[in-house]
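K.L.:
Single-letter residue listing:
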Amino acid sequence: MRKKITAKQAAFLLPLFLLLSVFAIYPIVTSAVYSLFDYRTNDQRVAGLYTSTNFNAPLFVEDCGYIAWFLEDDLTLLDDADQKELQRIADSAGELADRYQSETDVIKVSAGEKDEIASAISRLKADTLAVYQKNADIAFYNGSDKLSTIFGEMDSCLIESNFTGLSAYASLLTDTRFMRSLRSTAVFTVISVFLELVFGMALALIMNKAIKGIGAVRTTALIPWAIPTAVSALMWSYMYDGTSGIVAKVFADIGLIASPELMLLSSGGAMTAAILADVWKTTPYMALLLLAGLQIIDRGLYESSKIDGAGTVRTFFSITLPLLKPSLLVALLFRTLDAFRVYDLIAVLTGGAQGTETLSIYAYKLMIGQNNYGYGAVVVLAMALCVGVIAFVFVKVLGAELVKDD
Amino acid sequence: MQKKMLTKTISVIIIAAFLAIMVFPFFSILVTSFKPSSEIFGKATAFQVIANNPTLDNFRTVIDKGILNSIKNSFIVATLTTLYVVSVATLSAYILARVRFKGKGLVLGLILSVSMFPQMVVVGPIFNMFYKLDMLNSYFVTLAYSSITLPAAVWIMVAHFKRIPISLEEAASIDGCSQWKTLWRVIFPVALPGVFTCAIMTFIAAWNEYLLTLTLNSDKEFQTVPVAINALRTQFSILWGEITAATVVVVVPTLIIVLLFQKQIVSGMVSGAVKE
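If you're matching them up, the sequences are chains W and G in order.
Its first residue numbered 1, the first sequence is counted upward by one per residue in this note's numbering.
Its first residue numbered 1001, the second sequence is counted upward by one per residue in this note's numbering.
One should not assume that every hint holds.
Straight-line Cα separation of at most 30 Å, DSSO-like style, residue types lysine-lysine; simulated pairs [unchecked claim]:
no., chain 1, residue 1, chain 2, residue 2
1, W, 325, W, 396
2, G, 1162, W, 396
3, G, 1181, G, 1162
4, W, 114, W, 125
5, W, 146, W, 84
6, W, 325, G, 1132
7, W, 325, G, 1104
8, G, 1004, W, 396
9, W, 249, W, 209
10, W, 134, W, 108
11, W, 306, G, 1008
12, W, 365, W, 396
13, W, 209, G, 1004
14, G, 1003, W, 325
15, G, 1003, W, 365
16, G, 1102, G, 1043
17, W, 209, G, 1263
18, G, 1162, G, 1004
19, G, 1065, W, 325
20, W, 365, G, 1220
21, W, 114, W, 84
22, G, 1065, G, 1043
Worth flagging that the hints you see were computed from the coordinates, not collected in a lab.
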């Protein structure tokens, strides 16, 4: 039975849609657009999304002004004929400036206009340099060197389209740093989720049996989950510290690492450190989810399997695991996705050093660190694609049930 | 019988080990926070449990450095987020749990995929948006939190609304109650525990948020706890005394929340993940 939604009911959904549109859908679409451009905000030629040729008019006007001004400085050192010539060049630079005086921002130009501006710049340049070359023996105040710098800057006023289409996606395949961070992310995700599953399952099975004292265990388990990841990572970075960290000292004493300093400063050590800190923080979460799944299994089933003479192991694999499967898959999916997009933990613990740079860290460094929003968006969307694949495998192949629409 | 004893002993040992491992980092932090710097870095004293010269200097220093201001910021931001996210989630979850309409599966799928998307996707565009609108370094960051907290909040509320018998509304509608009145007067009071669970989960999520605050609020004045505490690490030295003291201070609010609301937290954690 499908009904049409009434206007009043739709109004209840409106705030949700507004917020999601502005803070989730719009940014995602914008990222997709960024990824099609060579968009870097620290370089004026690619600091916008330009699909056609653009012209940085304010910069051009400024440059014309400088040229006229510099030329007038040098004017007095020349003979009459050259003075006239230089004056003419300075005047024409002034005229060019006047033409775009009113523009306050980068403007779009047609192909014809582009050629016109380009030829005006090269004429200006050629005429000026001719005069200077002719009088090479005179020591000018400014000279051709200074003017060449300005002409160079003038050339960059014409901004070509920075639309690159999908080519940046292709360059991902040859980007070794991307491949390395993909591998680190995969290693981190697989190992930490596996350990969390094993420990979480063991704890859940025990907590499901023992009734006494379960409250205290549950409370304790909630604390690591509830504190900010950035804070727990900081706590662990203290314990991994080379001089004062107890964990680093113990690991060195029992011979797992050669010296305490290597805990965070060797590639194997740093990844182990990150995984252990993650397992510490999220095993309780896994255990509590699995415990909730265990608690809805009918106790009668265990009794009948006991009467039938099934052992503990047999009972676990034929009753507990199949009945736990729905909760197990959902818990695993959420944990896998969380581990895959890990940022806080690694950023605080190692900053991505020693082979722990995950995709999130790499993308963040590109976007916020280097202002390279175009390629950063490409990395981030490649990450989103991986997330999509993981979710697809869990839902379609393994049969995790997420949306129950009845 | 002997086998049962053995299993029980092993269980107790595992649980004890688990508790010890969970608590140990906090213990280690607490111990260090009372040590003067010389003892933290001294070879002989670094691993001593009780400090030779216990001091409160570390706590004084971090309070001077404005850790209380960042706790205040965290409270403001988390409370604002909780207020609007829970209101929005309650309204929409009520419709999503009760009304059948075309495209509902699509809406649920959209909410789910937003919760699964890597948060990193939204950071760049949101930064540029906030920059253009001149909203960097302000409490407006709470609006950006909706991308991480809203989907989960809607999910929790839908699960709770589905548990309320539909006969309640049918009775109300026979009595001539409007949809809004039904929600406000009849359903909301019954759903209050669920709303509360949702509020706690949203509050914790907002309290713990790191990435967006780090990016959008670089000004110390507006930094929340997770960002401010990491800013205590300087480029050249790591003052563990101050960092551990600050950690002790900022973990206390979380501890209180967990002790008071553990039932709601567990219920919020499992709703959506466990099918009843």
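K.L.:
Against this structure, judge whether each hint is valid.
P.N.:
Status of the hints after comparison with the structure:
1. W:325 with W:396: holds (14 Å)
2. G:1162 with W:396: With Cα atoms ~25 Å apart, residue 1162 (chain G) and residue 396 (chain W) stay inside 30 Å; holds.
3. G:1181 with G:1162: holds (19 Å)
4. W:114 with W:125: Given that 30 Å is the threshold and the Cα spacing comes to 17 Å, the pair holds.
5. W:146 with W:84: holds (21 Å)
6. W:325 with G:1132: violated (48 Å)
7. W:325 with G:1104: With a Cα-Cα distance of about 26 Å, the restraint between residue 325 (chain W) and residue 1104 (chain G) holds, given a limit of 30 Å.
8. G:1004 with W:396: violated (41 Å)
9. W:249 with W:209: Given pair residue 249 (chain W), residue 209 (chain W) is violated - Cα atoms ~37 Å apart, limit 30 Å.
10. W:134 with W:108: violated (38 Å)
11. W:306 with G:1008: Roughly 18 Å separates the two Cα atoms, so the pair holds.
12. W:365 with W:396: This hinted pair is violated, its Cα atoms lying about 34 Å apart.
13. W:209 with G:1004: holds (12 Å)
14. G:1003 with W:325: Judged against 30 Å, a Cα distance of about 28 Å means the pair holds.
15. G:1003 with W:365: violated (56 Å)
16. G:1102 with G:1043: violated (69 Å)
17. W:209 with G:1263: holds (19 Å)
18. G:1162 with G:1004: Outside the cut-off at roughly 41 Å; violated.
19. G:1065 with W:325: Violated, at about 50 Å.
20. W:365 with G:1220: holds (21 Å)
21. W:114 with W:84: Roughly 29 Å separates the two Cα atoms, so the pair holds.
22. G:1065 with G:1043: Holds: residue 1065 (chain G) and residue 1043 (chain G) sit about 28 Å apart, inside 30 Å.
In summary, the structure is inconsistent with hints 6, 8, 9, 10, 12, 15, 16, 18 and 19 from the numbered list given earlier, while agreeing with the others.
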